[in-house]
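J.: So you can see what is in the structure, the chains are spelled out below.
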Amino acid sequence: AQSVTQLDSQVPVFEEAPVELRCNYSSSVSVYLFWYVQYPNQGLQLLLKYLSGSTLVKGINGFEAEFNKSQTSFHLRKPSVHISDTAEYFCAVSDSGGGADGLTFGKGTHLIIQP
Amino acid sequence: KAGVTQTPRYLIKTRGQQVTLSCSPISGHRSVSWYQQTPGQGLQFLFEYFSETQRNKGNFPGRFSGRQFSNSRSEMNVSTLELGDSALYLCASSLDRGGPGNEQFFGPGTRLTVL
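Protein sequence lines correspond, in order, to chains A and B.
With our numbering, the residue at position 64 of the first sequence is 70, and numbering never jumps.
With our numbering, the residue at position 93 of the second sequence is 1110, and numbering never jumps.
Watch out, some of these pointers could steer you wrong.
Derived coverage of chain A by chain B (criterion: at least 3 residues anywhere in the stretch with Cβ under 8 Å from a Cβ of chain B; other residues may be distant) [what the hints assert, rightly or not]:
#1 45 to 51
#2 76 to 82
Calculated from the model, a selection of chain A residues having no Cβ within reach of chain B, i.e. all distances over 12 Å [claimed, not checked]:
#3 Leu-57
#4 Thr-61
#5 Ser-90
#6 Thr-92
A short, non-exhaustive set of chain B residues, derived as facing chain A with CB atoms under 7 Å [what the hints assert, rightly or not]:
#7 Gly-1059
#8 Glu-1069
#9 Phe-1077
#10 Pro-1078
#11 Phe-1081
#12 Leu-1107
#13 Glu-1120
#14 Gly-1124
#15 Pro-1125
#16 Leu-1129
What the hints contain is simulated information worked out from the structure, not anything from laboratory work.
Glycine included, C-beta positions come from ideal geometry on N, C-alpha and C.
Pulled out of the complex, with its shape left as it was, chain A reads as follows (with noise of 0.2 Å):
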């Protein structure tokens, strides 16, 4: 079985700060690593993806996240954050591609940003 653990269920930034959202997993087999962002009212949207390769990924908005499978952690990072960027972010991890047989959450960060 795997699990998502996201250890901050809400980071106040300051506009124009960076920020790191973290996340660590548990699993028994290889995983893939996912990052959504739901605004409010809405679905989730990919932010990045790790399947295999580089352990840097870099995704929309400015968005980055980096595989350490030896902390098995998958931290999302922005250097500079922006008032648009306020949502709940989730950390997802699936061992068949983030397809088949689902994706298993995080229970969300919600990232706040101050002016």
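With the hints as your guide, set chain B onto chain A.
T.: Only chain B this time, still in chain A's reference frame:
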């Protein structure tokens, strides 16, 4: 290309009733997954359909069921509604089942309130 659409967007029911939610995937997508999102439990996988067959099911009681039609549209049904079924129900579609890079695209969700 139109995204994933879900109908209705909002629904209010009373305990004991049943409800049917509908999801139309992106054109050409054959896999449809359903998720339940609540403040307490977060995002949880309900089931996944591919080519009209349920391929995987999450840990939900038998009151939760679904089906997929030949045009890949999917419905989920919840019978004998309970207060705890109040949630945002998200549908996601993907091109194919399994394999790396199999990104799921999410709809806006149906907000179900059980009174």
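J.: Give a verdict on every hint.
T.: Here's how the hints hold up against the structure:
Given as covered by chain B, the segment 45 to 51 of chain A passes the check, having 5 residues with a CB less than 8 Å from a CB of that chain where 3 are the minimum. A count of 0 residues in the segment 76 to 82 of chain A with a Cβ less than 8 Å from any Cβ of chain B is obtained; the coverage claim is therefore unmet, three being the minimum. Distance check on A:Leu-57: its Cβ comes as close as 4 Å (rounded) to a Cβ of chain B, failing to clear the 12 Å threshold; non-interface status is violated. Against the 12 Å criterion, A:Thr-61 stays outside the reach of chain B, whose nearest CB is about 15 Å from its own CB.
The beta carbon of A:Ser-90 sits about 18 Å from the closest Cβ of chain B, which is more than 12 Å, so the claim that it is off the interface holds. The beta carbon of A:Thr-92 is kept farther than 12 Å from every beta carbon of chain B, the shortest such distance being approximately 18 Å. Because the closest C-beta pair between B:Gly-1059 and chain A is about 5 Å apart, less than 7 Å, the hint holds. Interface restraint check: B:Glu-1069 against chain A, minimum CB-CB distance 15 Å, threshold 7 Å, status violated.
Because the smallest distance between the Cβ of B:Phe-1077 and any Cβ of chain A comes to about 12 Å, over 7 Å, the interface hint for this residue is violated. Violation of the interface hint for B:Pro-1078 is found here, the shortest Cβ-Cβ separation to chain A being roughly 17 Å, above the 7 Å cut-off. Against a cut-off of 7 Å between C-beta atoms, the interface hint on B:Phe-1081 is violated, since the closest Cβ of chain A lies about 14 Å away. Taken as an interface hint, B:Leu-1107 checks out: its beta carbon lies about 6 Å from the nearest beta carbon of chain A, inside 7 Å.
Look at B:Glu-1120: its Cβ gets to within about 6 Å of chain A, closer than 7 Å, so that hint holds up. At its closest, the beta carbon of B:Gly-1124 sits 5 Å from a beta carbon of chain A; the interface hint therefore holds under the 7 Å criterion. The interface hint given for B:Pro-1125 is met, as the beta carbon of that residue sits about 5 Å from the closest beta carbon of chain A, less than 7 Å. Violation of the interface hint for B:Leu-1129 is found here, the shortest Cβ-Cβ separation to chain A being roughly 14 Å, above the 7 Å cut-off.
The structure shown violates the earlier hints numbered 2, 3, 8, 9, 10, 11 and 16.
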